[in-house]
Each structure stands twice: as C-alpha cells, then as structure tokens.
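Below, each chain spelled out in residue letters.
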Amino acid sequence: MSVAQDKLDNASSELDAHVREIVQWHFDPETGCPFWLDYAKKLDFDPCEKIHSYDDLALLGHFEDEWLRGGPVRQWVPKAYANDPIYVFETGGSTGLPKYRINVRDFQTDYALYSESLSEEGFPKGADWLMLGPSGPRRLRLAVEHLAQLRGGICFMVDLDPRWVNRLIRDGKMREMEAYKAHVVDQALKVLKAHENVQCVFTTPKLLEALSEKVSLPQLGIKGIFCGGTEMNAQFHRFAREELVPGIDFIPTYGNTLMGLACCKPFDPVDDYAIIYYPPQPRAVIELVDPDDPTRKVDYGETGRVMLTTLTKEFFMPRFLERDEAERAEAIEHYPWDGVENLRLLTQMNESVVVGVY
Amino acid sequence: MINLPLLRAGQPYTSLDTVEVLHIATGEPLVNVSQANRGLIARDLLAMGKNREALQAHSVAELLIICKKAAELFSTAELPLGDGTQTPDDYIVQVSGTTGLPQSLARANMAKIHLVFDEMAAVLDGLTRGLDLAVLDTGQNIQDGRPLSYVSLARALGCILPSNSPGVHSLWLPAIPLKTPLVLKPGREEPWTPYRIAQALIAAGCPPQALSFYPTDHGGSAEILLRSGRSLLFGGGATVEPWLQDPGVQIHGPGRSKIIIGADKIDHWEQYLDLMVTSIVANGGRSCINASGIWVPAHAREIAEALGERLSQIHARPLDDPEAQLAAFANPEMPHKLSALIDAQMGNAAQDMARGKNERVAEAGGGTFLNPTLIHVDNYEHPLANGEYLFPFAAVVETPQQALVERIGPTLVATALTEDEQLIQQLLASPHVERLNLGPIPTNKLSWDQPHEGNLFDFLYQQRALQRMAG
Numbered sequence: 001m002s003v004a005q006d007k008l009d010n011a012s013s014e015l016d017a018h019v020r021e022i023v024q025w026h027f028d029p030e031t032g033c034p035f036w037l038d039y040a041k042k043l044d045f046d047p048c049e050k051i052h053s054y055d056d057l058a059l060l061g062h063f064e065d066e067w068l069r070g071g072p073v074r075q076w077v078p079k080a081y082a083n084d085p086i087y088v089f090e091t092g093g094s095t096g097l098p099k100y101r102i103n104v105r106d107f108q109t110d111y112a113l114y115s116e117s118l119s120e121e122g123f124p125k126g127a128d129w130l131m132l133g134p135s136g137p138r139r140l141r142l143a144v145e146h147l148a149q150l151r152g153g154i155c156f157m158v159d160l161d162p163r164w165v166n167r168l169i170r171d172g173k174m175r176e177m178e179a180y181k182a183h184v185v186d187q188a189l190k191v192l193k194a195h196e197n198v199q200c201v202f203t204t205p206k207l208l209e210a211l212s213e214k215v216s217l218p219q220l221g222i223k224g225i226f227c228g229g230t231e232m233n234a235q236f237h238r239f240a241r242e243e244l245v246p247g248i249d250f251i252p253t254y255g256n257t258l259m260g261l262a263c264c265k266p267f268d269p270v271d272d273y274a275i276i277y278y279p280p281q282p283r284a285v286i287e288l289v290d291p292d293d294p295t296r297k298v299d300y301g302e303t304g305r306v307m308l309t310t311l312t313k314e315f316f317m318p319r320f321l322e323r324d325e326a327e328r329a330e331a332i333e334h335y336p337w338d339g340v341e342n343l344r345l346l347t348q349m350n351e352s353v354v355v356g357v358y
Numbered sequence: 001m002i003n004l005p006l007l008r009a010g011q012p013y014t015s016l017d018t019v020e021v022l023h024i025a026t027g028e029p030l031v032n033v034s035q036a037n038r039g040l041i042a043r044d045l046l047a048m049g050k051n052r053e054a055l056q057a058h059s060v061a062e063l064l065i066i067c068k069k070a071a072e073l074f075s076t077a078e079l080p081l082g083d084g085t086q087t088p089d090d091y092i093v094q095v096s097g098t099t100g101l102p103q104s105l106a107r108a109n110m111a112k113i114h115l116v117f118d119e120m121a122a123v124l125d126g127l128t129r130g131l132d133l134a135v136l137d138t139g140q141n142i143q144d145g146r147p148l149s150y151v152s153l154a155r156a157l158g159c160i161l162p163s164n165s166p167g168v169h170s171l172w173l174p175a176i177p178l179k180t181p182l183v184l185k186p187g188r189e190e191p192w193t194p195y196r197i198a199q200a201l202i203a204a205g206c207p208p209q210a211l212s213f214y215p216t217d218h219g220g221s222a223e224i225l226l227r228s229g230r231s232l233l234f235g236g237g238a239t240v241e242p243w244l245q246d247p248g249v250q251i252h253g254p255g256r257s258k259i260i261i262g263a264d265k266i267d268h269w270e271q272y273l274d275l276m277v278t279s280i281v282a283n284g285g286r287s288c289i290n291a292s293g294i295w296v297p298a299h300a301r302e303i304a305e306a307l308g309e310r311l312s313q314i315h316a317r318p319l320d321d322p323e324a325q326l327a328a329f330a331n332p333e334m335p336h337k338l339s340a341l342i343d344a345q346m347g348n349a350a351q352d353m354a355r356g357k358n359e360r361v362a363e364a365g366g367g368t369f370l371n372p373t374l375i376h377v378d379n380y381e382h383p384l385a386n387g388e389y390l391f392p393f394a395a396v397v398e399t400p401q402q403a404l405v406e407r408i409g410p411t412l413v414a415t416a417l418t419e420d421e422q423l424i425q426q427l428l429a430s431p432h433v434e435r436l437n438l439g440p441i442p443t444n445k446l447s448w449d450q451p452h453e454g455n456l457f458d459f460l461y462q463q464r465a466l467q468r469m470a471g
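Sequences listed follow chains R and A, in order.
Quick note: the first sequence uses the numbering used here, first residue 1, plus one each step.
Quick note: the second sequence uses the numbering used here, first residue 1, plus one each step.
Some clues are possibly wrong.
[Unchecked claim] The calculated DSS-like cross-link candidates involving lysine-lysine, where the alpha carbons are at most 30 angstroms apart (straight line), are:
| # | chain 1 | residue 1 | chain 2 | residue 2 |
| --- | --- | --- | --- | --- |
| 1 | A | Lys68 | A | Lys50 |
| 2 | A | Lys50 | R | Lys193 |
| 3 | R | Lys173 | R | Lys223 |
| 4 | A | Lys68 | R | Lys181 |
| 5 | A | Lys68 | R | Lys214 |
| 6 | R | Lys190 | A | Lys68 |
| 7 | R | Lys206 | A | Lys50 |
| 8 | R | Lys313 | R | Lys41 |
| 9 | R | Lys313 | R | Lys42 |
Because the hints were derived from the structure by calculation, they are not lab data.
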C-alpha cells in the first residue's frame with residue numbers, strides 16, 4: 001500500500017526542520033558540545049548558515065567512528081547539559097575498542113517512543129518484565145528497565161557479558177560457551193518460575209532459543225517478547241513465530257547505542273516474515289548507500305550500506321557509515337519514510353567480526 | 001532451478017534462508033539450498049532420542065537388508081529431489097557441476113557408495129571384528145561363554161561434511177545398521193550425495209526419522225557437534241581447532257598419505273612408477289587417501305624427474321570428457337592463490353618437476369584447474385615436504401631409512417614398499433600411521449573389511465561390563 005505523497009512530504013519537511021534545529025543547537029557556543037564547536041572552527045563555512053536540510057548534512061562529510069573510540073568523553077557533552085547527570089554507554093566492541101556515547105535522557109526518550117508501538121495485549125500495562133540480554137556498560141540494561149517502568153512494571157535482570165562470550169568463541173572454547181549460556185538461562189528460569197507476573201521478556205535470538213528449550217514461554221504466561229541485540233533474518237522470524245513462541249506477540253527490534261531504537265513493521269503475512277525496520281525519524285535517519293560510492297542512495301529493493309544519522313540535542317552524528325547492510329524498503333502509513341529490510345552485517349566484514357554471540 | 005529442502009527427521013522443510021550454488025563452468029545457478037537456522041537444529045536434536053527409537057525398532061539384520069536395497073536405489077532409481085526427482089544421470093551431472101569433479105570420477109564415486117551399501121555386512125564385520133551384531137538388538141549377548149553388552153554413546157551421529165568427493169560419504173553409512181540416526185550437514189557445493197543417500201535409505205524402508213539433513217552455517221554446525229554425542233568433522237585449520245580435544249568429535253583432516261620405499265627396494269623404484277602415479281592422481285587427487293608424499297632413502301631426484309614427466313602428461317579436460325582426470329575448482333580464484341602459495345613456499349630448496357609454475361593453472365571447458373604438481377624437496381623439514389592440496393600434488397622427500405618413520409609425521413595411509421622386517425616393524429609400531437599397506441597397494445585402494453579413518457563402531461559404542469546371577 002503506497003503512502004500519500006503529502007504524508008511523505010510532511011515527514012521530509014519535519015526532518016529538514018529538525019536538522020536545522022539540531023545543527024543550530026550543536027554549533028551554538030551556548031548549547032553545543034566541545035567536539036562540534038572545535039570542528040566548526042576547522043570548516044570554511046558556518047554550518048548554521050549553510051545547512052538547511054537533511055541533504056545539506058553532506059557538507060559535513062561522514063562521521064568517523066574513531067572519534068568515539070577515545071577520550072575525552074566530556075567533549076561530547078553539550079554545554080546545555082553540563083550540569084545534568086551523564087551516562088556513558090558502549091557499543092559492542094566487536095571491531096576493536098568500543099565506541100562511547102554519552103546520554104542524558106535520550107535512552108529514556110527512545111524507549112518511551114518505542115513503548116507507543118507496543119500492543120496492550122502483548123505487553124500489558126502493569127506486567128513485570130524479564131531483561132535477559134547484555135548488561136554491563138550497555139544501554140539496554142537501563143533502557144529496558146525504563147520501558148518496563150514506563151508501562152507500570154518491574155524489571156527483573158540477569159547479568160550477561162557478551163564480550164566474554166566473544167572471547168570464548170575466539171578461543172574456540174565451545175563447551176565453555178555452552179556452560180555460560182546454561183548459567184545465564186538457569187537464572188532466567190528461576191525468575192520466570194518465581195514471579196508469576198512476569199509477562200514480558202526482552203531477550204536476544206539465541207537466548208530465546210536456549211530459554212525455549214527449557215520451558216514453554218506461552219505456558220508460563222509470557223505474552224510479549226521484545227527481541228533484539230543481534231541480527232535476525234526472515235527464517236528466524238518464522239521459526240520464532242511458528243515453533244519457539246507460537247501465539248506470543250513477538251517483536252523483532254533493531255537498536256544500537258548510536259541510533260536509538262528502530263521499530264519493526266507490524267507483522268503482515270504478505271511480507272513472508274521479512275523483517276523491515278523503520279528508524280525513529282526525525283531523531284535518527286537511516287539511508288542505504290552504495291558501499292563503493294556512498295554519495296549514491298540505492299533504489300528500493302537494492303542492497304546498500306547503512307548510513308546512520310543521529311539528530312538529538314544530546315548527540316549529533318551525521319552520515320556515519322555503519323558496518324551493516326540491508327535492502328531499501330518503501331515507507332508505510334505508520335512510518336512515512338524509508339525503511340530497511342533484511343538488515344545484516346556488511347558482506348565485506350563477515351569474516352573479521354564476531355557477532356551474534358548472545 | 002532445483003530447490004533443495006532440509007530434512008527434519010526425514011520431513012522436507014523449505015527455509016526462507018537459502019543459498020544458491022552455481023555451476024562451476026557456466027556460472028548458472030544450479031540449486032537453491034535451504035539453510036537451517038541454529039535454533040531449529042537445536043530444537044530438532046532435542047527429539048533425537050525419539051528418532052533413535054524408530055531406528056531401534058528394526059534389527060541389525062533388517063537394517064542390513066535396507067542397506068542392500070538402498071545400494072540398488074542409490075545407483076539406479078529416480079529418487080525425490082526437492083520438489084522434483086533425480087535420476088542417477090542427473091546426479092552425476094549435478095555433482096560434477098557444483099564440485100568440479102569430472103563426471104567419470106563422479107560415476108566412480110557413485111559405484112564406491114553402492115559397494116559400501118551393498119557390502120555393508122562385510123564392512124560391519126571389519127569394524128567389529130566379526131561381532132554378532134544381534135547384541136545391538138538385545139543389548140546383551142553371550143560370546144565364547146562370556147556375557148557381552150554394548151552401550152551406545154550417541155543419540156545421533158553428526159556429520160559435518162566436505163565437498164571434495166562423494167566417496168567420502170561412504171564413511172558414515174554404517175551408522176544406520178549400527179542403529180544410530182544421522183544428522184548431516186553437507187558441504188556447500190555438495191548437498192547432492194548426502195541428500196540422495198538419505199532418499200535411497202528412506203525409499204528402501206529406513207525410518208525417515210533417522211535421517212536429518214541440515215545445510216547450515218558455522219553456528220548450525222557447532223550445534224550439531226555440541227549435541228549429537230558423537231560427530232565426524234571434516235576439515236582442517238581453524239575449522240577443527242576448537243574440537244581437537246573433544247572426545248565426542250572425530251576429526252577428519254588432511255590425510256598426508258605417503259608411499260615409502262625401503263632401501264631394499266629403492267634401486268628398483270622405476271617398477272613402482274605406475275603405483276605412485278595412481279596414488280597421487282586417482283579421484284583427481286581430491287581424497288585424503290591420495291599420496292602427497294613419496295619418502296625414500298635414495299634416488300629422490302631421479303624419482304621426482306620421472307614422476308614429474310609422467311604427471312606432466314595429464315591435462316585438464318572438460319568435466320564431461322570421459323578421459324578427464326582432474327577436478328575443477330569451485331572458486332576460480334583458488335587455483336591462482338594455491339599456485340602462488342606453493343611458489344612462495346618452494347624457495348631455492350625445492351623444484352616443481354612436473355610443468356613448472358607458469359603452467360600450473362589451467363583452463364578447460366569453462367573450469368579452472370591445477371595441473372599435477374610434483375615437488376622435489378632437499379630436506380624433510382621443507383614446508384612442502386608434508387603439504388597436501390585439493391589436486392594431484394606430491395613431494396618427493398629423501399631421508400635416511402633409520403630416521404624415516406619418525407620423520408614422516410601423521411599419515412592416514414602409508415604404502416610401504418619393502419621386505420625389510422625392521423622397517424616393517426617400525427611402521428607397525430608407529431602411532432603416526434593409521435592405515436598401513438605392505439606391498440604394492442595404491443594408497444587409494446581401500447579394503448572394506450578394514451576400518452578406515454577411525455573405527456565407527458568403537459566411536460559409537462562402548463563395551464559395558466555385565467554380570468548376571470540368578471536369585
């Protein structure tokens with residue numbers, strides 16, 4: 001079903017207005033962060049004058065991930081938030097040093113917006129949650145807890161260190177990895193058996209599989225599963241709905257520390273289990289570009305490299321070339337902007353990165 | 001295009017995740033292979049105990065009859081293949097098309113699988129040294145007046161399979177009459193043979209539950225290795241590294257098979273040239289039982305020159321040429337990379353006595369090949385002395401006889417040309433040699449009443465102490 005042109009135009013206009021607001025904010029000495037204020041000094045133009053739209057962000061080139069890998073982390077704190085409590089979250093660290101991103105309230109905002117996409121049937125208000133996923137320096141731990149609290153629930157936690165799992169895989173210690181997985185799942189089982197009001201679960205695809213081997217989640221009263229953390233394909237989606245957790249509201253989600261949280265297109269049998277994500281525009285934009293020529297946006301259905309732009313008052317990250325690829329998907333009524341289908345690790349990086357361990 | 005499903009305990013399942021496998025010569029997609037996700041395999045393996053019961057319901061004698069029927073069906077019948085069917089001729093063309101094995105060799109491999117199925121009783125005799133296999137039906141027996149009992153160590157036999165040559169699949173066939181379900185992960189380019197074997201067995205009356213076929217990725221393979229109880233893992237290097245110390249995983253890596261000529265026979269080396277050529281070249285040099293080393297106490301250079309001359313007469317030919325002896329590579333870049341690797345390792349201490357590096361890579365009928373390569377090395381520690389590649393490749397190594405056996409290193413098959421009792425005794429005592437041929441037996445010639453590459457029966461079963469007393 002195609003989306004009305006005026007709806008697409010409105011979304012585009014809203015995005016351009018948001019870009020202007022965010023650029024003004026980050027390049028204003030009263031509100032911006034030291035990194036961008038210093039960066040502006042090296043430019044031969046004033047971003048506030050020249051950047052009026054999303055397309056104009058090309059003037060800034062591509063955000064480089066190395067900028068986030070080292071300190072000082074305070075260079076990213078906008079002056080406007082200098083006196084607020086600051087969180088720092090880390091990316092996976094599967095490509096070397098992790099990237100560090102500061103947060104004030106973004107993670108709460110992202111998850112509050114995401115909460116609006118969840119159904120009352122699958123994720124009832126007042127239901128408690130189990131968070132069975134990567135904890136430690138990752139945003140997920142706090143974010144899922146905030147989501148549960150927003151919906152009137154209490155969130156039970158299980159520790160998981162995915163970097164340890166990565167290391168076990170790199171060292172070829174497969175039996176140890178299994179033992180660690182069993183240790184994590186055992187803790188989750190205790191929570192599920194002891195607390196009847198746990199009706200919602202956040203977990204990763206592999207942990208969902210491991211958990212479902214031990215118990216029937218529908219029989220335990222689980223109504224909704226928010227699944228993310230690693231890539232999922234259509235086959236996994238189908239397997240989850242048909243065999244792992246039939247009857248449960250299963251919501252695949254794509255999120256990361258740099259972007260926030262992308263929502264999945266509501267399940268529709270005609271999609272044949274394809275997983276199509278829509279970024280939280282205008283707070284973040286995903287554009288799919290030709291890996292060999294990132295100035296070219298790919299056509300609908302064509303595979304492209306993810307180029308991510310984050311546009312919040314806490315964090316400005318223009319045109320960052322991610323390590324993921326996907327096919328460009330058409331806008332839908334609920335999300336009148338481009339989506340991404342079949343998101344996965346960039347083909348060129350397949351052999352050098354250990355992912356999907358948790 | 002053919003769509004090849006998974007077999008989940010014998011039941012076809014078409015995955016949303018598929019891999020297209022191309023014809024080596026034409027580049028056309030030949031088959032779209034369903035891929036199993038890791039969790040699906042794990043879930044299915046939870047039910048393996050039940051699948052095993054279906055197989056246990058048949059006696060070994062009944063399963064041997066099923067194997068006989070399967071032999072015939074595998075070689076002659078039109079069997080299910082995804083949403084269509086496959087004749088034996090289709091199978092030959094398809095195997096050849098995706099693996100690069102010449103059709104003539106694919107046919108020879110088909111005959112080998114037929115033979116193992118057909119002679120399964122003799123194969124089991126070889127594996128068990130004549131044990132009355134009724135003991136597997138009843139759990140206990142009396143042999144020579146003593147109680148005898150065996151316990152199964154595996155819920156299933158997991159097989160992480162290679163793509164190099166269909167004949168290798170004959171290794172795991174005895175699992176079925178040994179009442180152990182099979183969980184097969186085919187090589188990317190060779191889904192054909194495991195699938196056809198499974199269909200032949202099902203058509204012959206084997207319980208479908210005993211046959212699972214899961215094309216999958218590394219994660220899925222790990223799941224099979226972790227859960228089957230007993231597994232065969234084909235591969236080398238990083239693939240097998242995590243499993244080297246795992247008692248449940250039997251590694252089938254490079255064979256590094258050798259021909260050894262004793263000092264008593266070395267002056268007559270010319271009479272063994274045909275044996276050497278056959279051992280190096282048979283089956284396109286793709287098997288672990290192909291000789292990749294000729295170890296001698298003298299005359300190494302003359303042997304290398306003569307062998308090089310013989311091997312240089314073998315040319316790449318199109319895959320449908322009945323005279324074809326060489327196999328094409330699925331990845332056309334691989335021959336160039338391998339040839340460069342060999343050159344880089346040669347240095348000044350080695351020489352290619354076949355054609356030389358400029359003629360090593362060859363093209364024919366749309367395929368890319370490596371011509372036979374015969375390296376003369378000047379010492380046993382040269383990096384190519386124990387090299388093995390997926391084409392006819394061998395090194396001639398000269399080393400004093402008294403040090404030879406300790407220097408050969410791990411050797412799947414050693415053919416020893418000697419009547420020197422001391423050398424024979426050294427070889428018999430050597431833990432390096434897995435299969436020993438004494439006399440002019442090509443390394444690739446197998447006797448099916450002898451265990452090969454580990455004893456599958458000993459791997460799947462353990463003898464249990466059993467005492468009974470009335471009262």
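Evaluation of the provided hints:
Between the alpha carbons of A/Lys68 and A/Lys50 the distance comes to roughly 25 angstroms, so the proposed pair stays at or under 30 angstroms and holds. Proximity of A/Lys50 to R/Lys193 is assessed by CA-CA distance (about 28 angstroms); at most 30 angstroms being required, the pair is judged to hold. Between the alpha carbons of R/Lys173 and R/Lys223 the distance comes to roughly 35 angstroms, so the proposed pair goes past 30 angstroms and is violated. Between the alpha carbons of A/Lys68 and R/Lys181 the distance comes to roughly 44 angstroms, so the proposed pair goes past 30 angstroms and is violated.
Of the pairs offered as hints, the one joining A/Lys68 and R/Lys214 is violated, with about 41 angstroms between alpha carbons and a cut-off of 30 angstroms exceeded. About 52 angstroms separates the Cα atoms of R/Lys190 and A/Lys68, which puts this hinted pair outside 30 angstroms; it is violated. Restraint check for R/Lys206 and A/Lys50: satisfied, since their Cα atoms lie roughly 25 angstroms apart, inside the 30 angstroms limit. Proximity of R/Lys313 to R/Lys41 is assessed by CA-CA distance (about 20 angstroms); at most 30 angstroms being required, the pair is judged to hold.
With a C-alpha separation of about 22 angstroms, the suggested pairing of R/Lys313 with R/Lys42 holds against the 30 angstroms cut-off.
Violated hints, listed in ascending order, are 3, 4, 5, 6; each of the other numbered hints is respected by the structure.
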